[in-house]
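*Asks:* Protein chains in written order, with my numbering: chain X, 1 to 299; chain B, 1 to 323.
Hints listed in this document are in silico derivations from the structure and should not be mistaken for laboratory results. It is possible that some hints are incorrect.
[As the list claims (entries may be wrong)] Computed list of chain X residues with no C-beta within reach of chain B, every gap over 10 Å:
#1 L58
#2 P70
#3 N71
#4 L77
#5 I81
#6 W204
#7 I207
#8 G269
[As the list claims (entries may be wrong)] Taking CB as the label site, the calculated pair distances span:
#9 X/G197 / B/Q221: 53 to 63 Å
#10 B/R120 / X/L84: 30 to 40 Å
#11 X/V35 / B/H205: 12 to 22 Å
#12 X/I15 / B/Y208: 41 to 51 Å
#13 B/T63 / X/S241: 24 to 34 Å
#14 B/L31 / X/S241: 32 to 42 Å
#15 B/E74 / X/W205: 46 to 56 Å
#16 B/K69 / X/F282: 38 to 48 Å
#17 X/T283 / B/G86: 19 to 29 Å
#18 X/P70 / B/R206: 51 to 61 Å
#19 X/L254 / B/D215: 33 to 43 Å
Ideal Cβ placement from N, Cα and C applies to all residues, glycine included.
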Amino acid sequence: MDDRLGIGSRWQALILLVALGVLTIPIVIGYLWIVISTFSQRTYGLVPVDASGQPGGLTLRNWSFLWTDPNIWRVSLNSLILALGLTVGVVLVSSLAGYALSRISFPGRRIFLGTTLVLHAFPSITLLIAIFFVLRWISGIPVLGRGIPLIGGFGYNTLGGVILVMVALQLPLGIWLMKGFFDQISWDIERAALIDGCSRLRTWWQIILPQIRPGIAALSIFSFISGWNEFLIPYTYITDSQNSTIAAYLNSLLGDTAPVNYSQVAAVGLFQLIPVILFFIFTQEYLLSIFAGGTKGGT
Amino acid sequence: MSESTSAISTPNAGEARGVGASLRSLLGPWLFMGPAMVLVVVFFFVPVVIILTISLTDMSTATGFSNWKWVQFENYQRIASHPNTGQVLSNTIRYVALTLSLFNVGMALVIALLTTHVPRRAGILFRSLWLLPRLTPSVVYIMMWRYVAADAPYGILNRHLLGPLGIQPTNWLPAQPWLFVVLTNGFIGASFGMVIFTSAIESIHRDYMVAALVDGCSPWQRIRYVILPLIRWPLLFVTTYQTLSLLTSFEQILLLTDGQFGTEVWSLWAYHRALSNYWGNFQWGFGAALSAVLVLIGVVMAFVYMRFFQFNQLVQEPKIEVL
């Protein structure tokens, strides 16, 4: 009855559900293990055991970092700033450029569109060494380099610098997505606005942007999650623990000389995952539609 | 297309047709494009030039930033004659081909088809579960897989599946390294294609779907002759886009095996040589040359896929000429 594409009987739907369930088992088991292990001294398979290997040994000790280690709150705040900064940056820059590429005819348009596509092929991670030199150069610029409150500036070893690098690396995807969404808007609305005397910038801001809210929401969610989870870039360009992020904090638990407490690592990881999941539950309709705009070209 | 649109012009065109108007039409697009252009130049073009330049030097920790010298194409010659090159190349091809075909496209298509044929809420639930690996911090995600593979008594596989079957427990990660490299990357990679394929399938007009059934198609025939041809472009897009993503991604392999057990791929090789190795001698010149080869492969592939994509159709001219 609620069979969406109108095939078959209840039995058929049941068979499909079972098939889906079987394919999804590794994910369910894996995350079950993460949850169980954060409340256990150690685990044998999925069974929590105590130090002598007997079943039992449930504990809250793995979560004690929440009230014993004030660092966790500072790195969480830094991650939040990074994620929000990345979101604002990516959405603003991509929607400006995406609009121009979709709606304005100017010389160099085709070249730039082609370039953004090719940029995705650049192994951004292997540009790490080179970007290091660029950030050091930005550090030398007065005020912009390291004189801005909250994000520190845009140079090496600042949150702002990391945000800037990440915005740049996300641009190819962001611009293409935004262009796809702009492409779908009716020309008549825009024409009417222009005839009524709107400037192009004002048309973009007041008329067009409100129409692609789902696209902006999708890109925001995607950027926020990448910023919150990113490890390699903040880890490479932030040496100061004051500016460190939660992913780097998680990694530092593995790198210390003391024996690694994997259950605690899992707990910190779960702590990092919780806001993402909450965020995701409330916004998943948008996230799942993220690519709908970008792939309309050929279909 | 242009005759209907060229009639429109700025309201004040009459009086301002002079320096002002032409200045505006010259500056206008760059107002929009400016921030993106600056970021792309500073964080893509400049670094690529730096990488290409470094790849022509013998720069390493031994030489520092001041005592290096130009070696022309020596680094590239070293790559060509290096004993590991063939092995790493075949590893890379194996990694990309297996992960792409089995998961990033194959599993993504299966999940998308299944979740669009079950009740809506169940479909959303399963798609959300498949997105979890992408949302999880990679350190924890890989740790989870290590525990799946671990030796008895810790390993999930040994204790709950293979033990009861009477199979000798072992640490399956070194025993079957490629299986786990493909699984860890695949479970993350599948979600990208899944999301795209789902929205493509859902946007197929219902009339087609119903008509197929009225004509007596079996569900399988409808997938084969109606759905697959209609999602041809998303399929091509995901295949090419994910090929490039896989070629340059190494974070999961780095955390899982660090290239041990014969799982070193090209991008990880570059990373090891340039930024992280046991000897502490970072060979920036050689690593940069390795990256440059990857950039070249990526750019060539990007052009191939722009051809596939009929790039010209994507950049249709805008319908309003004025600024």
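*Asks:* Now tell me if each hint is right for this structure.
*Replies:* Results of checking the hints against the structure:
Listed as a non-interface residue, X/L58 keeps its Cβ farther than 10 Å from every Cβ of chain B; the least gap is roughly 17 Å. Against the 10 Å criterion, X/P70 stays outside the reach of chain B, whose nearest CB is about 21 Å from its own CB. Consistency note on X/N71: stated as away from chain B, and its beta-carbon is indeed over 10 Å from all of that chain's, at 17 Å minimum. No beta-carbon of chain B is positioned within 10 Å of the beta-carbon of X/L77; the least distance is around 17 Å.
Every CB of chain B is more than 10 Å from the CB of X/I81 (nearest about 18 Å), matching its label as outside the interface. With a least beta-carbon separation of about 7 Å from chain B, X/W204 fails to lie farther than 10 Å from that chain, contradicting its non-interface assignment. Look at X/I207: its CB is around 13 Å from the nearest CB on chain B, clear of 10 Å, so calling it non-interface holds up. A Cβ of chain B approaches the Cβ of X/G269 within 10 Å, the least distance being about 3 Å, so the stated non-interface status is violated.
Between X/G197 and B/Q221, the C-beta spacing of about 57 Å keeps the proposed range 53 to 63 Å intact. For B/R120 and X/L84, the Cβ-Cβ distance of about 33 Å falls inside the hinted range of 30 to 40 Å, so the restraint holds. At roughly 42 Å, the beta carbons of X/V35 and B/H205 sit outside the given window of 12 to 22 Å. One distance hint, 41 to 51 Å for the beta-carbon pair X/I15 and B/Y208, is violated here, with the actual separation near 24 Å.
For B/T63 paired with X/S241, a C-beta distance near 31 Å keeps the hint of 24 to 34 Å intact. A hinted range of 32 to 42 Å holds for the C-beta pair B/L31 and X/S241, which are about 40 Å apart. The beta-carbon spacing between B/E74 and X/W205, approximately 54 Å, falls within the hinted interval of 46 to 56 Å. Here the CB-CB span from B/K69 to X/F282 is close to 58 Å, at odds with the stated 38 to 48 Å.
One distance hint, 19 to 29 Å for the beta-carbon pair X/T283 and B/G86, is violated here, with the actual separation near 47 Å. Our hint of 51 to 61 Å for X/P70 and B/R206 holds, since their Cβ atoms are close to 56 Å apart. At about 58 Å, the beta-carbon gap between X/L254 and B/D215 misses the expected band of 33 to 43 Å.
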